[in-house]
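Undergrad: Residue numbers (full-length UniProt numbering), protein chains in the order written: chain D, 1 to 592; chain A, 1 to 581.
What the hints contain is simulated information worked out from the structure, not anything from laboratory work.
Built from N, CA and C at the ideal position, the CB exists for glycine as well.
Computed footprint of chain D on chain A; a stretch qualifies when at least three of its residues, placed anywhere within it, have a C-beta under 8 Å from a C-beta of chain D: (1) 59-66; (2) 426-437.
Here are the simulated SDA-like pairs of lysine to any residue, each with C-alpha atoms no more than 20 Å apart in a straight line: (3) D/Lys210 to D/Gln222; (4) A/Lys441 to D/Gly225; (5) A/Lys469 to A/Asp459; (6) A/Lys231 to D/Gly446; (7) D/Lys210 to A/Pro111; (8) A/Lys441 to D/Gln222; (9) A/Lys441 to A/His527; (10) D/Lys210 to D/Arg220; (11) A/Lys441 to A/Leu458; (12) D/Lys3 to D/Arg14; (13) D/Lys210 to A/Thr390; (14) A/Lys231 to D/Ala108; (15) A/Lys231 to D/Gln96; (16) A/Lys231 to D/Gln101; (17) A/Lys469 to A/Ala451; (18) A/Lys231 to D/Ala119; (19) A/Lys231 to D/Gly120; (20) D/Lys117 to D/Leu332; (21) D/Lys210 to A/Gly476.
Here is how the chains run, residue by residue.
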Amino acid sequence: MDKSRQRTLTGWLRQGSRLARPWLGITLLLGTLSALVIIAQAYLLARLLHGIIIDQQDRHSLLMGITGLLLLALLRGLLAWAKEQSAFRGAARVRQGVRRQVLDALQARGPAYLQQKPAGSWASLLLEQVEELHDFYARYQPQAMLAVLQPLLILLVVFPVNWAAGLILLATAPLIPFFMILTGIGAADANRRNFQALSRLSAHFLDRLKGLATLRRYHRAQAEGAAITAASEDFRERTMEVLRMAFLSSAVLEFFASVSIAVVAVYFGFSYLEHLNFGDYGRGVTLFAGLFVLLLAPDFFLPLRELGSHYHAKAQAIGGADQLEAFLAQPLLQLQQGDSPFLADGPVSIEARDLEVLSADGQRLLGPLSFSLPAGCRTALIGRTGAGKSSLIQALLGFAPYRGSLKVNGQELASLEMTSWRRHLAWLRQNPRLIHGSLRDNLCLGLDAVDEAARLDALRQAGALALQQDKGWDYPIGEQAAGLSVGQAQRLALARTLLHSAQHPAGLWLLDEPTASLDRHTEQQIMDALAPRLAGPTSLMVSHRPEQLQQAERWLLIEAGQLVADGSPAELATHPAYQRLVIHHNAQEPRP
Amino acid sequence: MIAAIQALWPYLRLYRQHALPLLLGLLLSLFTLAAGIGLLSLSGWFLSACAVAGLTLATRQSFNYLFPAGGVRFLSIMRTAGRWAERVVSHDATFRLLTSLRSRFWQQLLPLPSARLQGFRQADLLNRLVSDIDALDHLYLRLITPLLSALLMLLALFGFLCLFDPSQAAVLTGVLSLLVVLLPLLFYRLGQAPGRALALSRASLRTQLVDYVDNQAELLLCGAEPSWRAKLEADEAHLLTQQRRLASLGGLATGLFQSLLGMVTVLMLWLAADGVGEAPPGPLTALMVFVSLAAFELVLPLANAFTHLSTTLTAARRLNEITAPGERLTYGEHPTPAQTGQLHIRDLAFAYGAAPRVLTDLSLELAPGQKVAILGPTGCGKSTLLSLLTRELTPASGSLTLDGRPLADYSEGALRASMAVVGQRVHLFSATLADNLRLAKPTATDDELLAVLAAVELDRLLPEADPRKALALWLGEGGRQLSGGELRRLELARALLHDAPLLLLDEATEGLDPATEQAILALILRHAQDKSLLMITHRLTGLAQMDSIGLLEDGRLRCLAPHAELLAQDDHYRRLHQQLA
Chain D
1 MDKSRQRTLT GWLRQGSRLA RPWLGITLLL GTLSALVIIA QAYLLARLLH GIIIDQQDRH
61 SLLMGITGLL LLALLRGLLA WAKEQSAFRG AARVRQGVRR QVLDALQARG PAYLQQKPAG
121 SWASLLLEQV EELHDFYARY QPQAMLAVLQ PLLILLVVFP VNWAAGLILL ATAPLIPFFM
181 ILTGIGAADA NRRNFQALSR LSAHFLDRLK GLATLRRYHR AQAEGAAITA ASEDFRERTM
241 EVLRMAFLSS AVLEFFASVS IAVVAVYFGF SYLEHLNFGD YGRGVTLFAG LFVLLLAPDF
301 FLPLRELGSH YHAKAQAIGG ADQLEAFLAQ PLLQLQQGDS PFLADGPVSI EARDLEVLSA
361 DGQRLLGPLS FSLPAGCRTA LIGRTGAGKS SLIQALLGFA PYRGSLKVNG QELASLEMTS
421 WRRHLAWLRQ NPRLIHGSLR DNLCLGLDAV DEAARLDALR QAGALALQQD KGWDYPIGEQ
481 AAGLSVGQAQ RLALARTLLH SAQHPAGLWL LDEPTASLDR HTEQQIMDAL APRLAGPTSL
541 MVSHRPEQLQ QAERWLLIEA GQLVADGSPA ELATHPAYQR LVIHHNAQEP RP
Chain A
1 MIAAIQALWP YLRLYRQHAL PLLLGLLLSL FTLAAGIGLL SLSGWFLSAC AVAGLTLATR
61 QSFNYLFPAG GVRFLSIMRT AGRWAERVVS HDATFRLLTS LRSRFWQQLL PLPSARLQGF
121 RQADLLNRLV SDIDALDHLY LRLITPLLSA LLMLLALFGF LCLFDPSQAA VLTGVLSLLV
181 VLLPLLFYRL GQAPGRALAL SRASLRTQLV DYVDNQAELL LCGAEPSWRA KLEADEAHLL
241 TQQRRLASLG GLATGLFQSL LGMVTVLMLW LAADGVGEAP PGPLTALMVF VSLAAFELVL
301 PLANAFTHLS TTLTAARRLN EITAPGERLT YGEHPTPAQT GQLHIRDLAF AYGAAPRVLT
361 DLSLELAPGQ KVAILGPTGC GKSTLLSLLT RELTPASGSL TLDGRPLADY SEGALRASMA
421 VVGQRVHLFS ATLADNLRLA KPTATDDELL AVLAAVELDR LLPEADPRKA LALWLGEGGR
481 QLSGGELRRL ELARALLHDA PLLLLDEATE GLDPATEQAI LALILRHAQD KSLLMITHRL
541 TGLAQMDSIG LLEDGRLRCL APHAELLAQD DHYRRLHQQL A
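Work out the full structure: start from the sequences and follow the hints.
TA: Right, here's the structure in full:
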């Protein structure tokens, strides 16, 4: 990933943190409080030690201070707990927000766009990539601010006690921002390189695992095992060379942290022995002052050192943000939708004028074409695979954007409120999708409280009654309709469509090769079940089967996205475009 | 606990292989810790001793400050150097460990039948497998090393503090040891239930997301989209609740550690305020307090050890599940590959587990140089037949012979050299073009590779002007991707290099457009002239060029005849050909 892309993504991540409000603020507040508790602990402890060692006080006379110290210890633990929780909540909000944005974007782009990638890859965008953002907001970001705040607070209390000690701390950390840059270059670089090295190694291993079957076929699996080891050893050596240098620069921070403790100790020691005499505002150095500063010195650097260990959280978040940002920033066409309800009942008439159906990235999939289908017309769409037949169906379903005009019952499709329009549609496609759930859930999708008689009736008409009788209503259906054969899945989908059209009679049936993956017997069943349904309403069917095409009243012949002929089957049977199709009858799936 | 150790045992044993770097890392970490603790404690003591000495003129002048002041500077430099060296050594050890974890796992995967691996086909499962292996290095670096170095350091501290006051030494190191051992275990226990709940709710959210995306069209059409979206958000909220529980537990662990350490310091202050050993309250009091403060650095890395413990345990269990004892692929002894590619299949039967038989009694004879296609719809058992031929599966009954010798007699090397498979799923390794080809023939020279590329007409598809440069072209992830047609050509090039007498085509032209399909088939047939060829397909392209075609139905071959004969005699076959494109 190049530097400018990284900057873009870091900017995107920063912007996301506004979703974390108010929790980010609360986390910072808790962090500040906890810094104050640390200071108070150092103060009390130094006072008590001063009392015991110099003033020779008895421990029983110091009970107040000791109790205070115990309470502070408790408070520090509580603050750490609370901080962790508020940091979590903030980051969880960001994740929720980003996930919602992605879901909204997916929704706006519609099913036709979603089909371009397997569902699993969308799910991992929504789940894994979003989860990767968490630690950036929960850990890195608050820590980056605390790494500035805590040292500042410590300086603020050390200077009034002893300016020389304050200067020592300040000098070992000349300027916190400078320090941040220094560790930024060192620790971040080391972390990034380490992270990259590890993920490249994982990718290499993953690639070989994916190809295991291929390797086996050529009897190379054993040899590849040795190659994996060699590659990973080679990688280790090269990465270690870089890391050795990178760690050196981050060791500078460690060095300053140690040296500041040593210098503070030596400065105070020599002051007590009166070898040194400055820094105390002329009040004389006390043991209290020395211990107070010494106790705080490690905590001066601790947040910065911890920040170094959170750099991988940033690298991880940038990795996740890469795909998320790219997806969200893509300028894509959104589905058109208006707010006028679709009112008419009964068969739907369709009129297309210079209609062009587009893909989400604006490419023309079909058209421009014009035709008009009267209400109740049974139409077949005919053409080769990829000619654009399905695009027309997608546009009518409201799943694909279009230019030109597409009117249904005289209303422009894009101006319709889609829910009311889709209620008048019945749709069946080649490979229907089923949800994870029971047979009942799948049948009654989107309907509540359908009585059993209606359900059974729908199944019976679709020829799927046996399925319910064998397996019962609660039969679980898994991913990609696992547990059902292709034919059973299609019959179940048909039953669902029938059940829906029994509730709201459909004025337009859209059939997109509903029998293409079925054997002859099931195909016949499905077509028989459909026949009475197609008598009244308008219907549009895509098919390659001559006998199904013969049942249509009207043919639309499509070639390469253009309407080449429009007429009755009798008129078009001799049309050259149809003849070309009949001749080109290879490459088809057989049915036993 | 015993179960946990059992699960981790194979990986703990691996520790020995890397004993040297790991031990070195441990030593350096001890060294760094000692320097850090020494620095802070010595400083605290030095300050107090100077302050006490500074009270009177006599002690002020006799106090030897050179030695402690030098010690402080020395320790601070040692700590820096130690930390650097420790990081270098431990990162190096991580890489070494990962290498051996991966190679060990790879060796274990090799003899597994592909049915066992089937579940891992999907990319996300493979991803999980890889990250599980990665998680195992936490076992050493986040658990064992910090725990061991903490315990050893406490032991050393005990010895050192005994010089001053054995009873206070025992209290401090005793309490800290208890903390170090007990708290991680306690939190591991507490985290188990929410950890499991989290895994479940994550899986359920994934399912919902996949369903939502996959079924979006159906959901929109059924008007179920809004309610589904609401369900998704409820599921997400549930996931967040589980995560919050775990995060809160982590916070509690950190907080508890900090509180308890603070209290330990107070305890030491109380004990040492009454004098340390024989000495009255004085600089040694400060030493005790500072030692307990410095111990913070020693204990804190273990505050969240419990989360690492559960991730490594889960990872180890999942990996153990894959490598658990069970069926392994076995091969015979016969060392020489088949020469003619004569294949006899007699009464072959196979069933997956208890399911009905996929193949009932399939018989087929393939003479040397003969070309046969087996045609049938998806799910009729064609792929099973292929897996039986490549010995990924073992038949329930019936015989399979190649060149008259049972398939099971061939050694793995001989078997692989006897047949080449061109399938629909071509894996393009992320490597150079030459490496992608050489896996089929490791000894191939550059000229051979170029000749084969020319034969499959891939040479003109490659952009480089200098053909030798084209061989160095990086393919796959992070390189040039190939189109479907190019992939098949590459696979064919591999098969040609492999040069086996029997060529198996498994839906080799699936997913190609008709023109490319024709071209690829023609290419295959041109190069397979003197080879036996078995083509498994559900498409009709190229059938006319086959010597005969078998229709696979109900687990057996219904008929076996040339294209023209079938077209004339078989209604079903004729019907297949009467469809529109």
